[in-house]
Amino acid sequence: MDVELSEILDTLCEYAPFSDLKDEPILQDMVKDIEIQYVRAGEWVIAPEARNDTLFFIRSGAIENKSKSGKLLRRMHEGDIFGSSSLLRGGRSSQTMRALEDSLLYRIPARWFIQFYSEFDAFSDFFELSREVRLKTAMDNQSSDLSLMTCPVHSLLRRPPITASHTVDIKTAANIMANERVSSLLITENDALVGILTDRDLRNRVVAQGLPLDVRVDMIMTQNPITIDAGDFAAEAVLKMMATNIHHLPVIKNDRPVGVISTGDLVQRESHGSVYVISDIYKQEDVEGLVAISKKMSHIFTQLVNADANTQMIGNAMSHIGVAFVKRLIQLAERQLGPAPIPYCFLALGSQAREEQIISTDQDNALILHDRYDPALHGDYFRELSDFVCDNLDRCGYPLCTGDIMAKNPRWRLSLSDWKRTFGEWIEKPKAEALLHVSIFFDLRGIYGDKTLARQLNSHIRQLAKTNKGFLSALARNANQRTPPLGFFRQFVLDGEGKQSRTFNLKSRGIAPIADLVRVHALALGSNKLNTFERLEDIEEAGVMPDGRARDLILALEMIGMVRIKNQKTQVEAGEEPNNKMDPETLSEFEKRHLRDAFNIVSRQQEFLKYRYPGKG
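Taking my numbering, I'd label the letters of the sequence shown as residues 531 to 1147.
These aren't lab readings, by the way, just hints derived from the structure by calculation.
You may find that some hints are simply not true.
[Claimed, not checked] Listed below are the simulated DSS-like cross-link pairs for lysine-lysine, each with C-alpha atoms no more than 30 Å apart in a straight line:
| # | residue 1 | residue 2 |
| --- | --- | --- |
| 1 | K813 | K999 |
| 2 | K1122 | K1099 |
| 3 | K996 | K1140 |
| 4 | K596 | K999 |
[Unchecked claim] Simulated restraints on C-beta separations:
| # | residue 1 | residue 2 | range |
| --- | --- | --- | --- |
| 5 | I644 | G1078 | 46 to 54 Å |
| 6 | Q866 | R1081 | 19 to 27 Å |
| 7 | S947 | Q861 | 46 to 54 Å |
| 8 | G620 | N709 | 36 to 44 Å |
| 9 | L930 | H990 | 27 to 35 Å |
| 10 | P929 | N709 | 24 to 32 Å |
| 11 | S695 | Q558 | 12 to 20 Å |
| 12 | S809 | P578 | 30 to 38 Å |
What you are looking at is a predicted structure, and each value in this text was computed from that prediction instead of being measured.
Built from N, CA and C at the ideal position, the CB exists for glycine as well.
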(Lines of atoms letter the chains of each structure in order from A and count residues from 1; the text may use other names and numbers.)
(Lines give C-alpha, C1' and ligand atoms only; values in the text may rest on other atoms or scores of the structure.)
Protein backbone atom coordinates (compact mmCIF):
# COMPACT_ATOMS: atom_id res chain seq x y z
CA MET A 1 0.00 0.00 0.00
CA ASP A 2 1.42 3.38 -1.01
CA VAL A 3 2.00 6.19 1.48
CA GLU A 4 -1.13 8.18 0.56
CA LEU A 5 -3.47 5.21 0.96
CA SER A 6 -1.77 4.23 4.19
CA GLU A 7 -2.36 7.74 5.53
CA ILE A 8 -6.05 7.55 4.64
CA LEU A 9 -6.36 4.18 6.35
CA ASP A 10 -4.62 5.39 9.48
CA THR A 11 -6.88 8.44 9.64
CA LEU A 12 -10.06 6.37 9.28
CA CYS A 13 -8.94 3.93 11.95
CA GLU A 14 -8.70 6.75 14.47
CA TYR A 15 -12.48 7.06 14.45
CA ALA A 16 -15.44 4.74 15.02
CA PRO A 17 -16.71 2.58 13.43
CA PHE A 18 -13.50 1.95 11.47
CA SER A 19 -11.43 1.84 14.66
CA ASP A 20 -13.27 -1.39 15.53
CA LEU A 21 -12.28 -2.87 12.17
CA LYS A 22 -8.66 -1.75 11.96
CA ASP A 23 -7.36 -5.36 12.00
CA GLU A 24 -9.63 -6.43 9.14
CA PRO A 25 -7.62 -6.86 5.89
CA ILE A 26 -10.68 -5.89 3.83
CA LEU A 27 -10.24 -2.28 4.95
CA GLN A 28 -7.19 -2.04 2.73
CA ASP A 29 -9.27 -3.02 -0.28
CA MET A 30 -11.90 -0.43 0.62
CA VAL A 31 -9.33 2.34 0.92
CA LYS A 32 -8.28 1.78 -2.71
CA ASP A 33 -11.80 2.74 -3.82
CA ILE A 34 -12.01 5.92 -1.77
CA GLU A 35 -12.23 9.19 -3.68
CA ILE A 36 -11.02 12.44 -2.19
CA GLN A 37 -13.38 15.40 -2.67
CA TYR A 38 -12.66 19.05 -1.98
CA VAL A 39 -15.69 21.30 -1.47
CA ARG A 40 -15.67 25.04 -1.01
CA ALA A 41 -17.68 26.82 1.65
CA GLY A 42 -21.30 27.10 0.58
CA GLU A 43 -21.21 24.23 -1.91
CA TRP A 44 -23.69 21.38 -1.70
CA VAL A 45 -22.45 17.92 -0.78
CA ILE A 46 -25.94 16.44 -0.83
CA ALA A 47 -28.28 18.94 -2.47
CA PRO A 48 -32.06 19.14 -1.91
CA GLU A 49 -33.91 16.23 -3.53
CA ALA A 50 -30.60 14.68 -4.62
CA ARG A 51 -29.93 10.95 -4.36
CA ASN A 52 -26.85 9.73 -2.55
CA ASP A 53 -24.61 6.72 -3.22
CA THR A 54 -21.73 7.60 -0.90
CA LEU A 55 -20.69 7.32 2.74
CA PHE A 56 -18.80 10.53 3.57
CA PHE A 57 -15.98 10.94 6.08
CA ILE A 58 -14.92 14.49 6.99
CA ARG A 59 -11.12 14.74 6.87
CA SER A 60 -11.15 18.47 7.57
CA GLY A 61 -13.63 21.32 7.52
CA ALA A 62 -17.25 21.52 8.58
CA ILE A 63 -20.56 20.36 7.08
CA GLU A 64 -24.05 21.62 7.92
CA ASN A 65 -26.93 19.14 8.04
CA LYS A 66 -30.47 20.45 7.51
CA SER A 67 -33.93 18.95 7.13
CA LYS A 68 -36.07 19.32 4.02
CA SER A 69 -37.79 22.29 5.63
CA GLY A 70 -34.45 24.02 6.20
CA LYS A 71 -34.18 23.34 9.94
CA LEU A 72 -30.63 22.97 11.20
CA LEU A 73 -30.13 19.44 12.53
CA ARG A 74 -26.42 19.42 13.32
CA ARG A 75 -23.00 20.67 12.35
CA MET A 76 -20.33 18.08 11.65
CA HIS A 77 -16.56 18.37 11.79
CA GLU A 78 -13.39 16.32 11.38
CA GLY A 79 -14.00 12.62 12.01
CA ASP A 80 -17.76 12.77 11.54
CA ILE A 81 -19.53 10.48 9.07
CA PHE A 82 -22.70 11.15 7.11
CA GLY A 83 -24.74 9.68 4.29
CA SER A 84 -25.62 6.37 5.99
CA SER A 85 -29.33 7.14 6.41
CA SER A 86 -29.87 7.65 2.70
CA LEU A 87 -27.81 4.55 1.84
CA LEU A 88 -30.07 2.48 4.09
CA ARG A 89 -33.04 3.86 2.14
CA GLY A 90 -31.65 2.93 -1.24
CA GLY A 91 -30.14 6.34 -1.92
CA ARG A 92 -33.18 8.47 -1.01
CA SER A 93 -32.09 11.47 1.04
CA SER A 94 -34.48 13.41 3.28
CA GLN A 95 -31.81 15.88 4.39
CA THR A 96 -29.27 18.23 2.84
CA MET A 97 -25.55 18.59 3.47
CA ARG A 98 -23.66 21.78 2.70
CA ALA A 99 -20.10 22.89 3.40
CA LEU A 100 -19.84 25.56 6.10
CA GLU A 101 -16.19 26.03 5.27
CA ASP A 102 -13.70 24.67 2.78
CA SER A 103 -13.71 20.93 3.47
CA LEU A 104 -11.87 17.76 2.49
CA LEU A 105 -13.99 14.63 2.30
CA TYR A 106 -13.34 10.92 1.82
CA ARG A 107 -16.02 9.36 -0.42
CA ILE A 108 -16.62 5.69 0.36
CA PRO A 109 -18.74 3.92 -2.29
CA ALA A 110 -22.11 2.58 -1.14
CA ARG A 111 -21.22 -1.06 -1.88
CA TRP A 112 -18.55 -1.02 0.85
CA PHE A 113 -20.98 0.44 3.35
CA ILE A 114 -23.58 -2.23 2.53
CA GLN A 115 -20.99 -5.02 2.77
CA PHE A 116 -19.59 -3.85 6.09
CA TYR A 117 -23.08 -3.24 7.42
CA SER A 118 -24.00 -6.85 6.63
CA GLU A 119 -20.79 -8.54 7.77
CA PHE A 120 -19.62 -6.65 10.86
CA ASP A 121 -21.86 -6.20 13.90
CA ALA A 122 -19.64 -3.46 15.32
CA PHE A 123 -20.10 -1.51 12.11
CA SER A 124 -23.87 -1.90 11.87
CA ASP A 125 -24.31 -1.26 15.60
CA PHE A 126 -22.60 2.08 15.20
CA PHE A 127 -25.20 3.25 12.68
CA GLU A 128 -28.22 1.45 14.12
CA LEU A 129 -27.72 1.96 17.82
CA SER A 130 -25.66 5.07 18.26
CA ARG A 131 -28.50 7.43 17.36
CA GLU A 132 -30.87 5.69 19.75
CA VAL A 133 -28.30 5.56 22.51
CA ARG A 134 -27.50 9.24 22.10
CA LEU A 135 -31.16 10.09 22.04
CA LYS A 136 -31.97 8.02 25.11
CA THR A 137 -29.09 9.59 26.96
CA ALA A 138 -30.35 13.05 26.08
CA MET A 139 -33.92 12.29 27.09
CA ASP A 140 -32.98 10.54 30.29
CA ASN A 141 -30.63 13.29 31.34
CA GLN A 142 -32.89 15.04 33.80
CA SER A 143 -30.10 17.35 34.84
CA SER A 144 -30.49 19.20 31.58
CA ASP A 145 -33.63 21.28 31.33
CA LEU A 146 -32.92 21.97 27.69
CA SER A 147 -33.14 18.52 26.18
CA LEU A 148 -36.25 19.66 24.35
CA MET A 149 -34.41 22.46 22.64
CA THR A 150 -32.46 20.39 20.18
CA CYS A 151 -34.04 16.93 19.98
CA PRO A 152 -36.46 16.18 17.13
CA VAL A 153 -40.19 15.82 17.74
CA HIS A 154 -40.26 12.17 16.68
CA SER A 155 -37.97 11.32 19.60
CA LEU A 156 -40.82 12.16 22.00
CA LEU A 157 -43.24 9.69 20.47
CA ARG A 158 -43.83 6.71 22.74
CA ARG A 159 -46.23 4.68 20.59
CA PRO A 160 -47.74 4.50 17.10
CA PRO A 161 -50.67 6.82 16.43
CA ILE A 162 -54.08 5.75 17.66
CA THR A 163 -56.48 6.54 14.86
CA ALA A 164 -60.09 6.07 13.79
CA SER A 165 -61.98 6.66 10.59
CA HIS A 166 -63.98 9.84 10.28
CA THR A 167 -67.10 7.70 9.73
CA VAL A 168 -67.14 5.99 13.17
CA ASP A 169 -69.61 7.12 15.81
CA ILE A 170 -68.82 8.83 19.09
CA LYS A 171 -69.31 5.66 21.15
CA THR A 172 -66.82 3.71 19.03
CA ALA A 173 -64.29 6.52 19.23
CA ALA A 174 -64.66 6.78 23.02
CA ASN A 175 -64.22 3.02 23.39
CA ILE A 176 -61.01 3.13 21.33
CA MET A 177 -59.65 5.91 23.56
CA ALA A 178 -60.60 3.99 26.71
CA ASN A 179 -59.14 0.69 25.52
CA GLU A 180 -55.92 2.32 24.33
CA ARG A 181 -55.71 4.56 27.42
CA VAL A 182 -55.17 7.73 25.41
CA SER A 183 -56.55 11.23 25.90
CA SER A 184 -56.71 12.00 22.18
CA LEU A 185 -57.67 10.19 18.99
CA LEU A 186 -56.47 11.11 15.51
CA ILE A 187 -59.26 11.04 12.94
CA THR A 188 -58.29 10.04 9.40
CA GLU A 189 -59.78 9.79 5.94
CA ASN A 190 -57.85 7.61 3.47
CA ASP A 191 -54.89 7.63 5.91
CA ALA A 192 -54.74 11.44 5.85
CA LEU A 193 -55.30 13.40 9.06
CA VAL A 194 -58.58 15.33 9.01
CA GLY A 195 -59.21 15.96 12.71
CA ILE A 196 -58.51 15.20 16.35
CA LEU A 197 -60.82 14.15 19.19
CA THR A 198 -59.79 14.78 22.81
CA ASP A 199 -61.18 14.09 26.26
CA ARG A 200 -62.08 17.77 26.44
CA ASP A 201 -64.10 17.48 23.21
CA LEU A 202 -66.06 14.55 24.68
CA ARG A 203 -66.82 16.54 27.82
CA ASN A 204 -67.69 19.86 26.18
CA ARG A 205 -69.21 18.81 22.89
CA VAL A 206 -70.92 15.53 23.79
CA VAL A 207 -71.69 15.17 27.50
CA ALA A 208 -72.35 18.85 28.16
CA GLN A 209 -74.51 19.16 25.04
CA GLY A 210 -76.33 15.89 25.59
CA LEU A 211 -75.47 14.53 22.12
CA PRO A 212 -76.46 10.94 21.29
CA LEU A 213 -73.52 8.52 21.03
CA ASP A 214 -74.40 7.37 17.52
CA VAL A 215 -73.46 10.75 16.02
CA ARG A 216 -70.49 10.50 13.65
CA VAL A 217 -67.22 11.58 15.16
CA ASP A 218 -66.49 14.08 12.37
CA MET A 219 -69.42 16.15 13.67
CA ILE A 220 -67.65 16.92 16.96
CA MET A 221 -63.92 16.57 16.22
CA THR A 222 -61.58 19.52 15.83
CA GLN A 223 -61.14 19.78 12.09
CA ASN A 224 -57.80 20.49 10.36
CA PRO A 225 -55.87 20.52 13.64
CA ILE A 226 -52.57 22.32 14.12
CA THR A 227 -49.71 19.87 13.44
CA ILE A 228 -45.94 19.68 13.57
CA ASP A 229 -43.45 17.85 11.36
CA ALA A 230 -41.66 14.87 12.89
CA GLY A 231 -38.27 16.36 12.03
CA ASP A 232 -38.88 19.72 13.70
CA PHE A 233 -37.28 20.56 17.03
CA ALA A 234 -39.34 19.60 20.05
CA ALA A 235 -38.88 23.14 21.35
CA GLU A 236 -40.94 24.34 18.41
CA ALA A 237 -43.73 22.00 19.49
CA VAL A 238 -43.70 23.54 22.95
CA LEU A 239 -43.80 27.08 21.62
CA LYS A 240 -46.58 26.21 19.17
CA MET A 241 -48.68 24.60 21.91
CA MET A 242 -48.18 27.54 24.24
CA ALA A 243 -48.92 30.11 21.55
CA THR A 244 -52.16 28.39 20.47
CA ASN A 245 -53.23 27.09 23.90
CA ILE A 246 -53.64 23.51 22.73
CA HIS A 247 -52.75 20.39 24.71
CA HIS A 248 -52.43 17.76 21.96
CA LEU A 249 -50.28 18.18 18.86
CA PRO A 250 -50.41 15.63 16.01
CA VAL A 251 -47.03 14.75 14.50
CA ILE A 252 -46.83 14.46 10.71
CA LYS A 253 -44.30 12.78 8.44
CA ASN A 254 -44.72 12.76 4.67
CA ASP A 255 -48.27 14.11 5.10
CA ARG A 256 -49.26 11.16 7.30
CA PRO A 257 -49.81 11.11 11.07
CA VAL A 258 -47.11 9.21 12.98
CA GLY A 259 -48.17 10.06 16.52
CA VAL A 260 -49.30 12.76 18.88
CA ILE A 261 -47.56 14.56 21.74
CA SER A 262 -49.33 16.13 24.69
CA THR A 263 -48.37 18.74 27.22
CA GLY A 264 -48.16 15.86 29.71
CA ASP A 265 -45.47 14.20 27.57
CA LEU A 266 -43.50 17.41 27.49
CA VAL A 267 -43.84 18.09 31.18
CA GLN A 268 -42.74 14.54 31.95
CA ARG A 269 -39.62 15.05 29.88
CA GLU A 270 -38.84 18.52 31.05
CA SER A 271 -40.86 19.67 33.96
CA HIS A 272 -38.63 22.63 34.63
CA GLY A 273 -37.63 23.45 31.06
CA SER A 274 -36.90 27.02 30.10
CA VAL A 275 -39.69 27.29 27.57
CA TYR A 276 -42.16 26.53 30.35
CA VAL A 277 -41.54 29.99 31.65
CA ILE A 278 -44.29 31.00 29.19
CA SER A 279 -46.77 28.83 31.04
CA ASP A 280 -45.57 30.25 34.37
CA ILE A 281 -46.00 33.81 33.10
CA TYR A 282 -49.67 33.26 32.30
CA LYS A 283 -50.24 31.84 35.80
CA GLN A 284 -49.08 34.97 37.60
CA GLU A 285 -51.76 37.01 39.36
CA ASP A 286 -49.74 40.16 39.93
CA VAL A 287 -46.81 42.16 38.63
CA GLU A 288 -44.54 41.02 41.46
CA GLY A 289 -44.87 37.44 40.23
CA LEU A 290 -43.85 38.51 36.73
CA VAL A 291 -40.88 40.45 38.08
CA ALA A 292 -39.73 37.32 39.94
CA ILE A 293 -39.90 35.28 36.72
CA SER A 294 -38.02 37.95 34.78
CA LYS A 295 -34.99 37.40 36.99
CA LYS A 296 -34.62 33.96 35.38
CA MET A 297 -34.13 35.38 31.88
CA SER A 298 -30.34 35.49 31.96
CA HIS A 299 -30.24 31.85 33.07
CA ILE A 300 -32.71 30.84 30.35
CA PHE A 301 -30.66 32.65 27.72
CA THR A 302 -27.37 31.02 28.70
CA GLN A 303 -29.01 27.60 28.75
CA LEU A 304 -30.33 28.09 25.23
CA VAL A 305 -26.83 28.95 24.03
CA ASN A 306 -25.26 26.04 25.92
CA ALA A 307 -27.79 23.71 24.29
CA ASP A 308 -26.39 24.69 20.86
CA ALA A 309 -29.69 26.20 19.79
CA ASN A 310 -29.22 28.25 16.62
CA THR A 311 -29.86 31.98 16.43
CA GLN A 312 -33.30 31.59 14.88
CA MET A 313 -34.40 29.25 17.64
CA ILE A 314 -33.05 31.51 20.38
CA GLY A 315 -34.67 34.57 18.83
CA ASN A 316 -37.96 32.72 18.52
CA ALA A 317 -37.90 31.47 22.11
CA MET A 318 -36.85 34.80 23.66
CA SER A 319 -39.41 36.70 21.57
CA HIS A 320 -42.24 34.36 22.58
CA ILE A 321 -41.28 34.84 26.22
CA GLY A 322 -41.19 38.63 25.76
CA VAL A 323 -44.63 38.56 24.12
CA ALA A 324 -45.96 36.46 27.00
CA PHE A 325 -44.87 39.17 29.47
CA VAL A 326 -46.66 41.81 27.39
CA LYS A 327 -49.87 39.81 27.04
CA ARG A 328 -50.06 38.95 30.73
CA LEU A 329 -49.49 42.58 31.71
CA ILE A 330 -52.29 43.65 29.38
CA GLN A 331 -54.58 41.05 30.95
CA LEU A 332 -53.70 42.35 34.42
CA ALA A 333 -54.29 45.92 33.23
CA GLU A 334 -57.72 45.00 31.81
CA ARG A 335 -58.60 43.27 35.07
CA GLN A 336 -57.81 46.52 36.89
CA LEU A 337 -59.28 48.98 34.37
CA GLY A 338 -62.15 46.92 33.04
CA PRO A 339 -62.72 45.80 29.45
CA ALA A 340 -61.56 48.09 26.65
CA PRO A 341 -64.27 50.50 25.44
CA ILE A 342 -63.40 49.87 21.77
CA PRO A 343 -61.41 47.23 19.88
CA TYR A 344 -57.65 47.75 19.84
CA CYS A 345 -54.46 45.89 19.00
CA PHE A 346 -51.22 46.04 20.95
CA LEU A 347 -48.25 46.00 18.56
CA ALA A 348 -44.77 44.58 18.96
CA LEU A 349 -42.24 46.48 16.85
CA GLY A 350 -38.69 45.86 15.64
CA SER A 351 -36.82 42.75 16.73
CA GLN A 352 -39.71 41.41 18.82
CA ALA A 353 -42.03 41.67 15.81
CA ARG A 354 -39.42 39.85 13.71
CA GLU A 355 -39.09 37.20 16.46
CA GLU A 356 -35.39 38.01 16.70
CA GLN A 357 -35.33 39.38 20.21
CA ILE A 358 -32.58 38.17 22.53
CA ILE A 359 -31.36 39.34 25.91
CA SER A 360 -30.71 42.95 26.92
CA THR A 361 -33.20 44.66 24.62
CA ASP A 362 -35.46 47.61 25.28
CA GLN A 363 -39.15 47.67 24.45
CA ASP A 364 -40.63 48.97 21.21
CA ASN A 365 -44.41 48.89 21.00
CA ALA A 366 -47.50 50.82 19.94
CA LEU A 367 -51.30 50.70 19.85
CA ILE A 368 -53.74 50.56 16.94
CA LEU A 369 -57.20 51.75 17.96
CA HIS A 370 -60.47 51.18 16.16
CA ASP A 371 -61.61 54.07 14.00
CA ARG A 372 -64.34 54.74 16.56
CA TYR A 373 -61.61 56.06 18.83
CA ASP A 374 -62.52 59.36 20.48
CA PRO A 375 -59.74 60.85 22.63
CA ALA A 376 -62.28 62.55 24.90
CA LEU A 377 -64.13 59.31 25.58
CA HIS A 378 -61.41 56.71 25.34
CA GLY A 379 -58.12 58.51 25.78
CA ASP A 380 -57.78 58.05 29.55
CA TYR A 381 -58.38 54.28 29.35
CA PHE A 382 -55.70 53.62 26.76
CA ARG A 383 -53.26 56.01 28.43
CA GLU A 384 -53.61 54.13 31.71
CA LEU A 385 -53.39 50.76 30.00
CA SER A 386 -50.28 51.77 28.06
CA ASP A 387 -48.58 53.28 31.11
CA PHE A 388 -49.30 50.15 33.14
CA VAL A 389 -47.89 47.81 30.48
CA CYS A 390 -44.81 49.83 29.54
CA ASP A 391 -43.80 50.80 33.08
CA ASN A 392 -44.13 47.23 34.31
CA LEU A 393 -42.29 45.82 31.31
CA ASP A 394 -39.47 48.05 32.49
CA ARG A 395 -39.69 46.38 35.91
CA CYS A 396 -39.56 42.98 34.16
CA GLY A 397 -36.24 43.69 32.49
CA TYR A 398 -37.40 45.30 29.23
CA PRO A 399 -36.15 48.90 29.61
CA LEU A 400 -38.15 51.87 28.41
CA CYS A 401 -37.24 52.81 24.86
CA THR A 402 -34.69 55.65 24.81
CA GLY A 403 -36.32 56.91 21.61
CA ASP A 404 -39.73 56.91 23.32
CA ILE A 405 -41.21 54.54 20.73
CA MET A 406 -43.76 53.01 23.07
CA ALA A 407 -47.50 52.87 23.51
CA LYS A 408 -47.20 55.15 26.54
CA ASN A 409 -46.22 57.94 24.12
CA PRO A 410 -49.57 59.30 22.81
CA ARG A 411 -47.92 59.84 19.43
CA TRP A 412 -47.91 56.06 18.99
CA ARG A 413 -51.51 55.43 20.08
CA LEU A 414 -53.43 56.03 16.87
CA SER A 415 -56.57 54.88 15.12
CA LEU A 416 -56.18 52.57 12.14
CA SER A 417 -56.96 55.40 9.73
CA ASP A 418 -54.39 57.66 11.40
CA TRP A 419 -51.76 54.90 11.24
CA LYS A 420 -52.48 54.43 7.54
CA ARG A 421 -52.18 58.16 7.01
CA THR A 422 -48.89 58.26 8.96
CA PHE A 423 -47.32 55.42 6.98
CA GLY A 424 -48.64 56.98 3.79
CA GLU A 425 -46.79 60.21 4.59
CA TRP A 426 -43.61 58.32 5.46
CA ILE A 427 -43.72 56.40 2.19
CA GLU A 428 -44.82 59.25 -0.07
CA LYS A 429 -42.39 61.73 1.51
CA PRO A 430 -39.44 59.67 2.79
CA LYS A 431 -37.69 62.39 4.79
CA ALA A 432 -34.96 61.82 7.36
CA GLU A 433 -37.31 61.39 10.33
CA ALA A 434 -39.46 58.89 8.44
CA LEU A 435 -36.44 56.83 7.48
CA LEU A 436 -35.31 56.76 11.10
CA HIS A 437 -38.59 55.05 11.97
CA VAL A 438 -38.39 52.49 9.19
CA SER A 439 -36.23 49.95 11.01
CA ILE A 440 -38.74 49.80 13.86
CA PHE A 441 -42.21 50.67 12.57
CA PHE A 442 -42.05 48.77 9.30
CA ASP A 443 -41.68 45.53 11.26
CA LEU A 444 -44.89 45.34 13.26
CA ARG A 445 -46.83 42.39 14.63
CA GLY A 446 -50.18 42.35 16.42
CA ILE A 447 -49.75 40.40 19.67
CA TYR A 448 -52.91 41.17 21.65
CA GLY A 449 -56.45 42.28 20.96
CA ASP A 450 -58.05 42.62 17.55
CA LYS A 451 -55.19 41.41 15.34
CA THR A 452 -57.16 42.14 12.18
CA LEU A 453 -56.22 45.78 12.76
CA ALA A 454 -52.52 44.86 12.51
CA ARG A 455 -53.12 42.72 9.43
CA GLN A 456 -54.99 45.56 7.72
CA LEU A 457 -52.18 47.99 8.51
CA ASN A 458 -49.47 45.58 7.30
CA SER A 459 -51.40 44.99 4.08
CA HIS A 460 -51.71 48.75 3.56
CA ILE A 461 -47.98 49.23 4.12
CA ARG A 462 -47.05 46.46 1.66
CA GLN A 463 -49.32 47.85 -1.06
CA LEU A 464 -47.96 51.39 -0.73
CA ALA A 465 -44.28 50.47 -0.41
CA LYS A 466 -44.22 47.93 -3.25
CA THR A 467 -45.25 50.49 -5.86
CA ASN A 468 -43.28 53.49 -4.62
CA LYS A 469 -39.86 53.37 -6.29
CA GLY A 470 -38.77 56.65 -4.70
CA PHE A 471 -39.39 55.29 -1.23
CA LEU A 472 -37.58 52.01 -2.00
CA SER A 473 -34.64 53.96 -3.36
CA ALA A 474 -34.50 56.16 -0.25
CA LEU A 475 -34.87 53.08 1.93
CA ALA A 476 -32.00 51.37 0.10
CA ARG A 477 -29.74 54.38 0.62
CA ASN A 478 -30.68 54.45 4.28
CA ALA A 479 -29.98 50.72 4.64
CA ASN A 480 -26.44 51.32 3.39
CA GLN A 481 -25.68 53.88 6.09
CA ARG A 482 -24.69 51.17 8.57
CA THR A 483 -21.73 49.30 7.15
CA PRO A 484 -19.95 46.17 8.42
CA PRO A 485 -16.74 46.80 10.42
CA LEU A 486 -14.40 45.61 7.68
CA GLY A 487 -11.57 47.73 6.28
CA PHE A 488 -8.81 47.23 3.74
CA PHE A 489 -7.09 43.86 3.77
CA ARG A 490 -10.13 42.41 5.56
CA GLN A 491 -9.10 43.95 8.87
CA PHE A 492 -11.73 44.72 11.51
CA VAL A 493 -12.53 48.39 11.95
CA LEU A 494 -12.92 49.26 15.63
CA ASP A 495 -15.38 51.95 16.67
CA GLY A 496 -15.79 51.67 20.43
CA GLU A 497 -15.19 54.40 22.98
CA GLY A 498 -13.57 54.47 26.42
CA LYS A 499 -13.30 51.01 27.91
CA GLN A 500 -14.88 49.68 24.68
CA SER A 501 -12.35 51.38 22.38
CA ARG A 502 -11.05 48.06 21.06
CA THR A 503 -14.46 46.80 19.99
CA PHE A 504 -17.07 46.98 17.25
CA ASN A 505 -20.84 46.67 17.62
CA LEU A 506 -22.15 43.37 16.28
CA LYS A 507 -25.76 44.56 16.27
CA SER A 508 -25.44 47.94 14.59
CA ARG A 509 -22.59 46.89 12.27
CA GLY A 510 -23.65 43.31 11.53
CA ILE A 511 -27.20 42.25 12.43
CA ALA A 512 -28.93 45.56 11.68
CA PRO A 513 -27.42 46.04 8.18
CA ILE A 514 -28.70 42.60 7.17
CA ALA A 515 -32.17 43.25 8.60
CA ASP A 516 -32.25 46.65 6.86
CA LEU A 517 -31.28 45.47 3.39
CA VAL A 518 -33.50 42.39 3.60
CA ARG A 519 -36.43 44.62 4.62
CA VAL A 520 -36.00 46.65 1.41
CA HIS A 521 -36.22 43.54 -0.76
CA ALA A 522 -39.15 42.21 1.27
CA LEU A 523 -41.14 45.45 0.90
CA ALA A 524 -40.37 45.56 -2.82
CA LEU A 525 -41.69 42.01 -3.14
CA GLY A 526 -44.74 42.67 -1.05
CA SER A 527 -43.69 39.79 1.22
CA ASN A 528 -45.92 39.30 4.26
CA LYS A 529 -43.06 37.78 6.28
CA LEU A 530 -41.47 39.62 9.20
CA ASN A 531 -38.67 37.32 10.35
CA THR A 532 -35.42 38.06 8.49
CA PHE A 533 -34.67 34.39 7.81
CA GLU A 534 -38.17 33.87 6.43
CA ARG A 535 -37.94 37.05 4.34
CA LEU A 536 -34.71 35.74 2.82
CA GLU A 537 -36.49 32.53 1.84
CA ASP A 538 -39.13 34.60 0.01
CA ILE A 539 -36.38 36.66 -1.62
CA GLU A 540 -34.56 33.53 -2.74
CA GLU A 541 -37.74 32.01 -4.16
CA ALA A 542 -38.52 35.22 -6.06
CA GLY A 543 -35.04 35.33 -7.58
CA VAL A 544 -34.48 38.93 -6.49
CA MET A 545 -30.81 38.32 -5.72
CA PRO A 546 -28.31 36.50 -7.92
CA ASP A 547 -28.25 32.72 -7.46
CA GLY A 548 -27.13 31.69 -4.01
CA ARG A 549 -26.80 35.21 -2.60
CA ALA A 550 -29.87 34.98 -0.38
CA ARG A 551 -28.56 31.71 1.03
CA ASP A 552 -25.19 33.40 1.62
CA LEU A 553 -26.93 36.11 3.64
CA ILE A 554 -28.71 33.47 5.73
CA LEU A 555 -25.34 31.93 6.57
CA ALA A 556 -23.85 35.36 7.30
CA LEU A 557 -26.74 36.25 9.60
CA GLU A 558 -26.41 32.96 11.46
CA MET A 559 -22.63 33.42 11.85
CA ILE A 560 -22.78 37.03 13.08
CA GLY A 561 -25.76 36.25 15.27
CA MET A 562 -24.09 33.27 16.91
CA VAL A 563 -20.90 35.20 17.67
CA ARG A 564 -23.03 37.95 19.20
CA ILE A 565 -25.06 35.51 21.28
CA LYS A 566 -22.02 33.60 22.56
CA ASN A 567 -20.32 36.86 23.48
CA GLN A 568 -23.38 37.94 25.47
CA LYS A 569 -23.49 34.55 27.19
CA THR A 570 -19.88 35.06 28.27
CA GLN A 571 -20.74 38.51 29.60
CA VAL A 572 -23.74 37.17 31.56
CA GLU A 573 -21.69 34.35 33.06
CA ALA A 574 -19.05 36.88 34.11
CA GLY A 575 -21.69 38.90 35.95
CA GLU A 576 -21.56 41.73 33.41
CA GLU A 577 -24.45 43.53 31.75
CA PRO A 578 -24.70 41.98 28.27
CA ASN A 579 -24.12 44.27 25.30
CA ASN A 580 -23.35 44.09 21.59
CA LYS A 581 -19.70 45.16 21.77
CA MET A 582 -17.20 42.63 20.42
CA ASP A 583 -13.46 42.64 21.11
CA PRO A 584 -11.90 40.85 18.12
CA GLU A 585 -8.97 39.76 20.27
CA THR A 586 -11.29 37.41 22.14
CA LEU A 587 -12.31 35.61 18.93
CA SER A 588 -10.85 32.31 17.80
CA GLU A 589 -9.14 32.15 14.41
CA PHE A 590 -12.13 30.19 13.12
CA GLU A 591 -14.53 32.93 14.27
CA LYS A 592 -12.34 35.72 12.91
CA ARG A 593 -12.08 34.09 9.49
CA HIS A 594 -15.75 33.37 9.14
CA LEU A 595 -16.86 36.66 10.65
CA ARG A 596 -14.80 38.44 8.00
CA ASP A 597 -16.45 36.31 5.33
CA ALA A 598 -19.89 37.14 6.75
CA PHE A 599 -19.18 40.89 6.82
CA ASN A 600 -17.86 40.69 3.25
CA ILE A 601 -21.13 39.06 2.13
CA VAL A 602 -23.10 41.88 3.75
CA SER A 603 -20.93 44.52 2.05
CA ARG A 604 -21.46 42.94 -1.37
CA GLN A 605 -25.23 42.83 -0.85
CA GLN A 606 -25.25 46.47 0.20
CA GLU A 607 -23.53 47.28 -3.10
CA PHE A 608 -26.15 45.23 -4.95
CA LEU A 609 -28.85 47.25 -3.21
CA LYS A 610 -27.60 50.41 -4.92
CA TYR A 611 -28.06 48.91 -8.35
CA ARG A 612 -31.33 47.18 -7.57
CA TYR A 613 -33.05 50.34 -6.31
CA PRO A 614 -31.33 53.29 -8.03
CA GLY A 615 -32.37 56.82 -7.31
CA LYS A 616 -31.13 60.29 -6.59
CA GLY A 617 -28.47 60.43 -3.95
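Honestly, which of those hints from before does the structure not fit? 1, 4, 5, 6, 7, 10, 11
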